[in-house]
Amino acid sequence: MKANLVEAVQDGLRIALREDPDCLVLGEDVGRNGGVFRATDGLQQEFGDQRVLDTPLAESSIAGVGLGLAAAGMHPVCEIQFAGFLYITMNQIGSQVARLRMRTGGGLKAQMVIRAPYGGNVRTPDLHSDSFEALYAHTPGIKVVLPATAYAAKGLLLAAIEDPDPVLFLEPMRIYRGFREEIPEGRYTVPLGQARVAREGTDVTIVAYGAEVSTALEAAEALQMEHIEAEVIDLQTVAPLDAETVIGSVRKTGRAVVVHEAARPVGVGAEVVARIQEEAFYSLEAPVERVTGWPTPYPFVQAEGLYVPSMARIAAAVRRTLSA
Amino acid sequence: MGYLREAPNDWEPLRLTAEDGKPLPEVQLPSAETALEIFRWMVFGRIFDQRMLSLQRQGRIGTIGSIRGQEASAAGLGVALRQEDWLAGSYRELLTYLVHGVPAEALITLYRGGVPGPFPAGVRALPVQIVIGAQMPQAAGLGLALKLRQEPAAVVACCGDGATSEGDFHEGVNFAGAHGLPVVFFVQNNGWAISVPRARQTASATIAQKGFAYGMPAALVDGNDPLAVYEVCREALERARAGGGPSFVEAVTYRLGPHTTSDDPTRYRPDSEVQAHEGRDPLPRMRRYLEAAGIYPDGLQEQLEEEARTVLGEAVAAAELRPPVTPEQMFDLTWAKETPQAQRDRERSIAELREVGEL
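From first to last, the protein sequence lines are chains A and B. Mapping of the first sequence onto numbering that gives the first Met the number 0: position 61 corresponds to residue 60, and the numbering continues sequentially without gaps. Mapping of the second sequence onto numbering that gives the first Met the number 0: position 64 corresponds to residue 63, and the numbering continues sequentially without gaps.
Calculated directly from the structure, the hints in this document are not laboratory data. Check before you lean on any hint, since a few could be wrong.
Some chain A residues close to chain B (C-beta under 7 Å, calculated; not the full set) [stated by the list, open to error]:
| id | residue |
| --- | --- |
| 1 | Gly63 |
| 2 | Arg100 |
| 3 | Gly106 |
| 4 | Glu161 |
| 5 | Asp162 |
| 6 | Gly192 |
| 7 | Gly247 |
For every residue, glycine included, the Cβ atom is placed at its ideal position computed from N, Cα and C.
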């Protein structure tokens with residue numbers, strides 16, 4: 000079937016609801032309205048308002064209720080309407096969901112998924128455009144997954160729903176309807192904790208995830224004109240990070256550029272760079288570059304196009320590593 | 000002008016017995032067996048509190064909150080629970096956890112800095128909550144699961160007066176109200192949130208009336224009258240189990256001890272206030288009731304105290320025999336399903352310790 004990213008998410012949810020009687024979907028506007036991005040369109044009609052549940056407008060309780068459901072053995076998929084609102088959920092996710100297993104000595108598990116559209120460059124109102132993956136990547140106990148394609152979105156989501164650990168599933172809003180691709184009908188999974196080589200190359204490794212994978216691939220295509228063959232790694236899961244795939248690539252290419260649209264300080268890029276210097280230091284031919292959002296809060300819409308890493312900025316960083 | 004209305008504020012806490020232990024006229028009281036069961040747990044709670052405070056002073060456990068003075072609320076609620084009900088409480092409800100089947104050894108282990116769980120099979124309880132109010136939406140989630148599975152069971156979500164200021168308190172109660180969930184919200188109003196008195200916590204005439212705002216019936220009960228607490232909780236829990244939806248209980252009690260072993264209450268509340276409340280201690284009050292009802296065997300309290308000391312002595316010994324938490328255990332408890340990289344990172348962390356002989 001042909002699907003864009005948001006349709007792939009919807010298909011994944013439909014399959015989970017159909018095949019797993021313990022699965023349910025809850026969040027703001029997910030029922031009758033089908034979600035503000037239509038990620039849950041038609042699900043309430045198909046599965047009823049007990050399994051596709053409109054919640055009161057209160058993000059902390061959406062995560063907290065999810066924990067209670069999971070503690071009782073259900074497999075909730077909670078939607079937070081925009082990742083920009085994830086600060087509100089920090090206690091329920093960081094202190095509660097991510098630690099339920101530990102605090103109960105393994106007696107209770109938080110098999111649950113928290114979905115949220117993330118990222119900018121879509122002219123949203125103030126405070127809707129953040130990329131908060133690093134906040135949760137810094138919180139052991141919850142896996143943090145960011146799909147870059149429709150195929151991955153469905154496969155990773157189904158893997159997340161059946162994973163016994165909680166998963167924060169951040170969907171790149173910018174490419175929700177960016178492109179359609181052929182994806183398999185029915186259930187398939189893409190393993191969590193495993194990066195993917197999105198493009199093979201020999202000269203430099205570009206590490207990206209989410210919406211920036213597309214931008215990195217465009218940069219790699221453009222660099223081909225300059226006889227530069229860039230390998231693009233799509234991390235897919237940023238926590239726990241699949242460092243091994245990154246290290247393997249960097250050992251081959253000797254150069255690396257890490258890309259994300261989240262703010263630079265203590266971002267996922269910093270972790271990737273640290274891993275590279277720990278395990279591939281002697282393979283490096285040049286300092287590792289980072290192309291990221293600025294060390295500022297996410298900017299006003301008029302400047303956001305300059306904040307989100309562009310193909311040109313990624314290509315320039317690649318050239319810097321090659322001329323070093 | 001004159002459009003604004005005041006909420007009624009003439010609500011008095013429900014009592015079934017007077018301070019002298021005598022039943023009030025025309026009240027329905029629990030059976031002698033139930034009353035004795037509640038008394039047994041109240042005594043256990045009192046001895047547990049003494050034992051924990053003394054262990055803390057000896058450096059054998061860490062900081063712990065005192066539950067002295069609140070045994071009537073905790074035991075009245077606990078005895079009203081059934082095995083299939085879920086308990087979501089905090090560190091002030093340790094006695095309710097014990098009544099509900101969590102072994103003392105698990106709680107002692109928790110305060111020794113060890114892994115407290117898993118609780119025994121069939122004991123339905125969330126971990127003892129530390130972040131104030133966080134258990135409230137979680138309890139709504141448990142209630143939603145019971146409702147969806149049509150299980151005839153209830154959830155009790157406990158918190159204190161301080162927690163009623165937290166966002167999560169309101170979000171949790173509201174969620175349960177909006178979705179008609181089988182949850183009983185049970186607030187022990189003990190007068191103080193560390194040093195902040197109830198009057199500075201909320202301008203509401205009662206905490207119980209907050210339940211009305213979320214569309215559920217509420218009760219205001221004398222939290223030092225264990226029989227009244229039990230009867231109110233029994234009604235609320237039965238209603239929830241039968242599909243009648245959520246309800247809200249405020250039990251008015253008093254924290255006779257410090258907030259925790261790290262707290263010095265003389266800094267913020269007058270001795271005279273504490274002394275007055277010592278005179279309303281629920282334990283002797285319950286004993287007076289049993290005596291007046293003619294169901295108090297000679298020497299019962301002393302015998303129960305002795306039994307509690309024996310049980311707790313064994314629990315402390317067992318907890319102290321448990322091997323210390325290992326790094327391996329921490330990794331085991333972080334992920335149910337470790338990714339290959341998480342596995343490598345675990346090995347690396349362990350190797351670092353081995354290298355310097357710390358493991």
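Structure-inconsistent hints, enumerated in ascending order: Result: hints 4, 7 break, sorted rising.
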